[in-house]
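Whenever a hint applies, use it, and build me the whole structure from the sequences.
Chain residues, written in single-letter form:
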Amino acid sequence: MLFIKCPYCGDRSQNEFAYGGDATVKRPEINKEVSDKDWDNFVYLRKSPRGKHLEFWHHVSGCRQWFKIQRDTSTHEIFKTFKVTEEI
Amino acid sequence: MSQDYRLDNIGLINRDKKVSFKFNGKRYYGYEGDTLASALIANGVHLIGRSFKYHRPRGFFGSGVDEPYAKVQLYKNGESEPNVSATEIEIFEGLESESVNCWPSVNFDVGAINNFLNKFLPAGFYYKTFMWPKSFWYKIYEPFIRKAAGFGVVSVKHDKDRYEHKYEYCDLIVAGSGPAGLASAYAAAKNGAKVILAEDKPRFGGSLLTDEVNIGNQSGKDWANKIINELKGMQNVTVKNRAQVFGYYDHNMLVMSERLTDHLAKPKKYTPRQRLWYIRAKEVVISSGSIERPIVFGNNDTPGVVLASAAKEYLKVYGVLVGKKPLIFTNNDSAYETAIEFKKNGINPLIFDSREKPSSEIINEAKNLNIEIKFSHVVVSAKGYKKVKSAEVSKISKDKNTLGKIENVDCDCICVSGFWTPTIHLSSQSGNRTKFDKNIDSFVPNQPKQKETTVGSAKGTFTLEETLKTSFETGYQLSKKITNNDKKILTPSVVEKKFTKHDKFWCVPLPKGKKYKRFIDFQNDVTVSDIELALREGYRSIEHVKRYTTLGMATDQGKTSNLNGLQLVSSIEDKIVPDVGHTTFRPPYTPVTIGTIVGREIGKHSKPTRKSPMHTWHKENNAVFVDAGVWLRPRYYKKGNETLFQASKREAANVRKNVGICDVTTLGKIDIKGPDSAEFLNRVYTNAWLKLPIGKARYGVMLREDGMLMDDGTTTRISENHYHMTTTTAQAANILSHLEYYLQVVWPELNVNVVSTTEQWAGAALAGPRSRDLLKKIFTDLDVSNDNFPFMGYLEGNLSGVHARIFRISFSGELAYEINVESNNGNFMWEKIIQLGKEFEIQPYGTEALSTLRIEMGHVAGPELDGRTISYDVSLEGMLSKKKDFIGKRSLNKPAFIAKDRQKIVGLVPIDKKTSIPEGSHLVKDVNAKLPNPKLGHISSSCWSVEFNNPFSLAILKDGKNMIGQKLFAVSPLKNKVIPVEVVSSHYVDPKGERVRS
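Quick note, the sequences are listed as chains A and B, same order. Per the working numbering, the very first residue in the first sequence carries number 49; after that it's consecutive. Per the working numbering, the very first residue in the second sequence carries number 810; after that it's consecutive.
A portion of the hints provided could be inaccurate.
Keeping only pairs whose Cα atoms sit at most 30 Å apart, straight-line, the calculated BS3-like set for lysine-lysine is [as the list claims (entries may be wrong)]:
(1) A:K128 - B:K975
(2) B:K1413 - B:K969
(3) A:K80 - B:K1698
(4) B:K1698 - A:K74
(5) B:K1703 - A:K53
(6) A:K53 - B:K975
(7) B:K1035 - B:K1260
(8) A:K85 - B:K1260
(9) A:K100 - B:K1692
(10) A:K128 - A:K80
(11) A:K74 - B:K1290
(12) A:K85 - B:K1692
(13) B:K1709 - A:K80
(14) B:K975 - B:K831
(15) B:K1428 - B:K1466
(16) A:K85 - B:K1767
(17) B:K1278 - B:K1041
(18) B:K1153 - B:K1204
(19) B:K969 - A:K131
(20) B:K1703 - A:K80
(21) B:K1204 - B:K1030
(22) A:K100 - B:K1693
(23) B:K1691 - A:K80
(24) A:K53 - B:K1767
(25) B:K1091 - A:K128
(26) A:K53 - B:K1035
(27) A:K74 - B:K1693
(28) B:K1482 - A:K80
(29) B:K1091 - A:K80
(30) A:K80 - B:K1693
(31) B:K1693 - A:K85
(32) B:K1258 - A:K53
(33) B:K1709 - A:K85
(34) B:K1428 - A:K131
Just so you have them, the derived chain B footprint on chain A, three or more residues with Cβ under 8 Å [unchecked claim]:
(35) 65 to 75
(36) 87 to 101
(37) 104 to 116
(38) 123 to 133
Simulated from the structure, these hints should not be mistaken for laboratory data. Virtual Cβ for every residue (Gly too), placed ideally from N, Cα, C.
Structure follows, in structure tokens:
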């Protein structure tokens, strides 16, 4: 079980959190034209890297904030956690 | 029976307390502090079970978690437990146990015929035999394998014992309380670290309990006692015995099972039997020690063949002799300690040492005690069936390939020692890539991946002096890193005997012409020839050899067999052991009861139960409840002998005729506030929201980004920047997360806040043609006329002094209202409405009637919004705004979504107007068509229409738009039904929707 540092609450066990997918994916802007290809990339296509991965997590059983984790997908090492507004 | 093998003046058991117990129906006596194994051996009982495959007689081999054979079925307080290790369970008054894996009895076991049929039971036997014919599997092979497999019988009764879980955090956890563990824990604790010290056995001290050593000016045992007592008294230290750290998981999460009452005859009520600890540690010290490994020789599984270290522990801890004519067979010095202990207690041992001319302090001591030692000698095979009676021995050549003349030596036990294997399981589980240490012929921990340090013999450090030195240092350094304290304890001086090198010898060759079974894995009956066969048949990877032969599998996980197996594979393959590698160590290190893993999360405790504020009223009025997510909802209110069908029909009919009241508290409610709320709703719903007036509600549908329907509900504008959203009961939590995601991650510029208010509001739906008349009675000072309070209107009112929100919305398709009050007023509201509703013949209705009402109206719910449908499919395409963007809109132009024959919701009526159509049935055109018969759609919801008094269903049907009037078949192989049906409109009742607006 991972030990995750919520940027708002501090260290908590994984069972308080929900995984939220690849955090490098950006939703195309609303009310703007978007090509089929860009839209499909956003909806469906995800990389599955071995190694560093930036991902969203949601502190569901806590402060209910979404935030970002940089995690190694093979070792589960967590390098850093960020608020949504923070960049690496 | 008297305890013939018990000595009077040695051991740590409590001789003041005699304990009686039963094994295979016979009564025996032991002492408090005995294990079942030590007590049975004291009584001269060596035959405890039969082996897994050949059903050969088996006795005791080890003295703890290493034990491969001695598994019993345990009976206690009416409970029965399989696979209990006799070497670990402590006896208590009234304990009852039985042998496993034998029939009709352990003394006469029919399965032992396998021993003589072994030609037909080679490695991979199961894979070779049970493959064909396929039809034999269910009736012949599987029952046979099930009967033959396993250790004991699982109880099918409800487990009455109590198990608990505990979460703990510490600076340092120390796994194992031998010298390494004690020293590390003590050094760290003295330096201010928060320490947990865990010991699997009842007694702390590990090897210090049995080794003849001195620490400081005390015996090892006394030193261990002193340290443990001091640790127990320290505020920053938790000391646990009978506690096995069995798993090492990510981010330094250790899991430990603590056995609290297994050793007690009558545990106190509410004391958990076992407790599972989840421990998050900043640093981990692994001091799990080492396990003696056997030397492989002929018939080495005969009862009476034991590990030399086990013989010593039985003697020194329990005062029990494993035999009175012991033969010690060793390739190293440590077994000499066992021989010396025998000698000191008046027993004459005979030592066979495979080494040619070893010389050391302890060998000299044995010689001085006049113990007979034969160097360059080995045990070729054990003789005796149910107990060792003698041993075939021989001289062996220097290259260990040639045996000399075979002689017979009388003995009643053979204590074997093939050197020591560090217990690296926890370290390996943590991700440490272990390395092979040629000096000790074993794997040891290498670079840690997590924050763990292995010390003592678990690391291959076999001298006490070095162990204490490194362990004190480790405890000090780790605690210093965590606490920044700098208090260092001096390492005490040590007196111990120096050992010389062991012999790299582990398997006695077969004498010419003999075909003795030489067991490598005792628990699974894996012999040298099985592994040879596996390699001949082409298995190379050690992981494959393991699975093919079952080497190292089952409950003991090869604690005594792994390295010998590896040695054998590497010698045949002419590789060195590190090239062969070892199989993966997986948790748990020792078996853990399922009850412990589950803990208190059973039955009602497995998930929260949410009840509405009106729950007690429902109960008092004969509600039959149903689980709706985590909620308990009334399914129907039973009158007299009514069935579910009769009751729900009555309740639904009353809604259509008079007025019904339904508890809708469980609906998800989300409070939305902020100046950008309208814009936000406009983006998450498919229809337009910017112009919703204050005091009006609107129905809305949400999509996922892939265009699929996600949820529906109504949202009401309470005031300028304040909205009240409802979701379906099932999706409430997901929708909140969804909204939060878009507000926090995607559109943080929107100034909106959302919060769940599901539990803050109690809700009651009033539905039926007389609901307005009732509403007038409830809110006497409100104008609830159709003009002032039209469909989708919203009002606030005073319900006999209680503030209420009134929504004119309808799920039943009738004229209907939903009234919300603060939760604590819920029951007051409910009873008030029931009281005022009497004159309108009000009746409560449950979820079954609720479903009936919405199905015959063609309103969609969970079964239609199943994640595989789009708006078009459920005829909600009219709500897709063309003027604005919304979540999922961009996905709607996919070819499959706009295909001409796209699936659409329809209604179905059985041709005979009698037969209900099971939900989940498939629709086909021709019931006799060739298989695979093309599926045209499926039935999503079924009910008995109270309006037309015949069955009615909703279905998602291919090209449903053009199928009205067609005749199809609903097929349910599960219910074995084929029902001819006619396709009709999904709006079966009131297709124009006039009633809700009336």
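Against the structure shown, which of the earlier numbered hints fail to hold, in ascending order? 5, 8, 9, 10, 11, 14, 19, 21, 22, 24, 26, 29, 34
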